[in-house]
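Number of protein chains: 2
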Amino acid sequence: MAKEKKLVEQITSMDVDFAQWYTDICKKAELMDYSSVKGCMIFRPYGYAIWENIQKDLDARFKALGHENVYMPMFIPEGLLQREKDHVEGFAPECAWVTVGGQNKLSEKLAIRPTSETLFCEHFKNVIHSYRDLPKLYNQWCSVVRWEKTTRPFLRTSEFLWQEGHTMHESAEEAQAETLNMLKVYEDFYRDSLAIPAITGRKTEKEKFAGAEATYTIEPMMHNGVALQGGTSHYFGDGFARAFDITFAGRDNTVKYPHQTSWGVSTRMIGAIIMTHGDDNGLILPPAIAPIQLAIIPVAQHKEGVLEKADELKRRLAKSFRVKLDDSDQSTGWKFSQYEMKGVPVRLEIGPKDIENNSCVLVSRVTREKKFVSLDNVEAEVQAMLTQVHDELCARVLKNLEEKTHVATNFEEFLDIAENKPGYIKAMWCGDVECEDRIKDETGGVKSRCIPFNEEKLSDVCACCGKPAKHMVVWGRQY
Amino acid sequence: MAKEKKLVEQITSMDVDFAQWYTDICKKAELMDYSSVKGCMIFRPYGYAIWENIQKDLDARFKALGHENVYMPMFIPEGLLQREKDHVEGFAPECAWVTVGGQNKLSEKLAIRPTSETLFCEHFKNVIHSYRDLPKLYNQWCSVVRWEKTTRPFLRTSEFLWQEGHTMHESAEEAQAETLNMLKVYEDFYRDSLAIPAITGRKTEKEKFAGAEATYTIEPMMHNGVALQGGTSHYFGDGFARAFDITFAGRDNTVKYPHQTSWGVSTRMIGAIIMTHGDDNGLILPPAIAPIQLAIIPVAQHKEGVLEKADELKRRLAKSFRVKLDDSDQSTGWKFSQYEMKGVPVRLEIGPKDIENNSCVLVSRVTREKKFVSLDNVEAEVQAMLTQVHDELCARVLKNLEEKTHVATNFEEFLDIAENKPGYIKAMWCGDVECEDRIKDETGGVKSRCIPFNEEKLSDVCACCGKPAKHMVVWGRQY
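Top line first, the protein sequences correspond to chains A and B. Each residue of the first sequence is one higher than the last, beginning at 601 in the working numbering. Each residue of the second sequence is one higher than the last, beginning at 601 in the working numbering.
Just so you know, the hints here were simulated from the structure itself, not pulled from any lab data. One or more of the hints may lead you astray.
Claimed, not checked - Covered by chain B, according to a simulated footprint, are these stretches of chain A (three or more residues, beta-carbon under 8 Å):
hint, region
1, 673-679
2, 699-712
What the hints assert, rightly or not - Pairwise CB distance ranges, derived in the manner of DEER restraints:
hint, chain 1, residue 1, chain 2, residue 2, range
3, B, Gly679, A, Thr750, 20 to 28 Å
4, A, Lys999, B, Glu668, 31 to 39 Å
5, B, Asp927, A, Asn781, 23 to 31 Å
To be verified - Just a few of them, taken from the derived set where beta-carbon distance is under 10 Å, the chain A residues facing chain B:
hint, residue
6, Tyr634
7, Glu722
8, Trp747
Virtual Cβ for every residue (Gly too), placed ideally from N, Cα, C.
Extracted from the complex, chain A is given alone in its bound form (with noise of 0.2 Å):
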């Protein structure tokens, strides 16, 4: 136990300083290293294989809807950048710039995508003409860069790995139902395989995407009540496609433009699993997407018997989880703090006593419960504790969640609440921007996280203006 304690002791406690907590699981539980390249981040094999997790699951959704992947290229000529007015200027301030190739300086400067929908439009060019080459529903898995000032690992770094999916439509209606679909994809997967329940609905007109009719959201609330932006849903209506002059023969044989859309994730949602999920004994993986589902510990494993009953066990449970067997020669509470520090989701420990008992000992992460099963039906017991973790994860961000939603009415609950209370705050908004900014200003970073899609009414009147109201929005600080 002395060296349990010691490790658990390298991480600083979450309520004593959030960011160091978070930063000192990024580091200890191996997920991530920093690099000399200014903020950018090494992702360490355990990191990578949390993401390879989201990527197949992810994928798979993606396709069971009839998307296809693609690969674009990486770069972005200045002059194809500004064919969208407003595009451009939402994304040209902080792209990375290509102006030297071999030996020789371009002619024209190329941009690291910070986002494609450029260049799938200049592509949708060629391969759309008629009705029947639509829909197009293209999704690509690739690295972004845009140039951050200030980075955090996952959250916020100069280099991402994303998906970003580009859909086009015969319909403005399609295209808006596209849009939808897959912000529900994102909603599902969060609460399915992320194991977190979140916010959805739609930005503001200030806080939408650049070149974007309309923007949706997905708004989870970590454990300190910071919201994070966590995936977005654009409906483009056919500006790009009038920017591109991408046109098809519709079904009455007139001339149309096709409607679009752009949807994406990235491996902040890594971020967002630590700071929903983890405990100030480091990192807890929701089972779906944990690459070690179950850690299998011998006790007392000099013993005879022990190691071979482990090995026995492991062979028989690789069959239906993600299992690592820990048979080093590190203690037996090192490991139980080593596992724990990595956030996986049930631990087995077996030592003779057990194995005389037909038995071994499941311990939940989340609760640390402690449950003795019989070996003849530990599949079973493994996979109910699994089911267990996760609907406890759920219930916990659930619980959080109400906990930290507060209802303003007027411009001084509000302030009050943004000062004194961390979380969301509920409250009616009149439209206009003005008020947005005025928030933002007076609380020193409170924003509109989105409209949600289940809005209440809480009063008639903008609790910031006093005007009548148009929305209920729920407002948050974020990362």
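Since the structure of chain A is already known, use the hints to place chain B on it.
For chain B alone, coordinates are given in the frame of chain A:
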């Protein structure tokens, strides 16, 4: 049949113009599209799906040998790239350079990775301290950039997709074994998954990788006798470790340098597949990586029961194979041509007569052999034909390799073959770079492919200079 002919006529015959034939297939099989970005290409869904199948297959082979995936930044600061002298000389001239980030000129310019040895070494220094930290068996899937003057789809593009393995070992022996093991993985993959049995061996000093002690290579021969460097595996000794000051405490408690390897294959493998297996009707894909293994074409689909039966067959066969049912309103002839063009290994035809007989027709893309099979055991019949397609492709490749490999025992013979007979030349070599240079100059581009593992002794003297021979070398022109 009229339509079928017409579609086929759209491809240039490979005997008339091999380069144009290649480009025609790239475009008409919908593998890729050009973009306005110099030297870069777009992977369309069908082309990218081939890459996804390649990735899945190779990734499983790497992981089965204990390798873990990571992700390093795409940027390499100039100073970091310069740390290993030979390496920077080899790669700096073809780098793309980022000089502006956000709106500011960077104090140090950043290369976009042409390969990532330097980034991995910087990280290895942080994570390798003791022999207990070894081996590190890392791999990365990413895109890299090398500024190319003349480009060709898949074969040579300024940005391409690849995997790069980077490993560190306690001893030279272990690292050397890894280098050879990974080349063996490539050799097995080329033969068993791509249906391309190929020559493997060691590169000469002149042709080895910048910074490596030894480079091993797989050199598949294309249908026209030209070589493609299909994958390489490098042994670095401790050269990079010394340049980056990476050390570890050995088992004997002394400070040591670890020994390193790297190995990679890229999307140019898709080019190899096209140029090795394709014919004048289009692409031919090896079953292991074909996005569609079986195309089901209903015949007289307007007749009662045909589409229902075709759909029933599709659902049944989709459990075992990657299946596409084309029930569009295109003509049957158009469909036949279309899936031949796309290289689908097996076609299944089913019409009213077949349904009456409880049978269907299978057609091999390679031999066009038609086989009437009972629906009772259609799975086994499809599997048998897929296996047959794979075996026939391998046999054709070996036959082509044998027919187009020539022996030269003196320089006159060498020049005559180089001028008149496309393919590889086996010839003895003294080991001097002067002879390699002379051969390249006087033949207008023939280079040493490799010193094959199964060296033969053709004579005692170098075919170029007549001095005593050290090795047998396989020579050839390359893409």
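Now the hints, each set against the structure:
1. 673-679: holds (count 5)
2. 699-712: Coverage by chain B holds here, the residue count being 8 at a Cβ distance below 8 Å.
3. Gly679/B x Thr750/A: 20 to 28 Å: Holds, since Gly679/B and Thr750/A (Cβ atoms, about 23 Å apart) stay within the stated range.
4. Lys999/A x Glu668/B: 31 to 39 Å: holds, 36 Å
5. Asp927/B x Asn781/A: 23 to 31 Å: With a Cβ separation near 25 Å, Asp927/B and Asn781/A satisfy 23 to 31 Å, so the hint holds.
6. Tyr634: Nearest chain B Cβ about 8 Å off; hint holds.
7. Glu722: holds, 6 Å
8. Trp747: With a closest approach of 4 Å, the Trp747/A hint holds.
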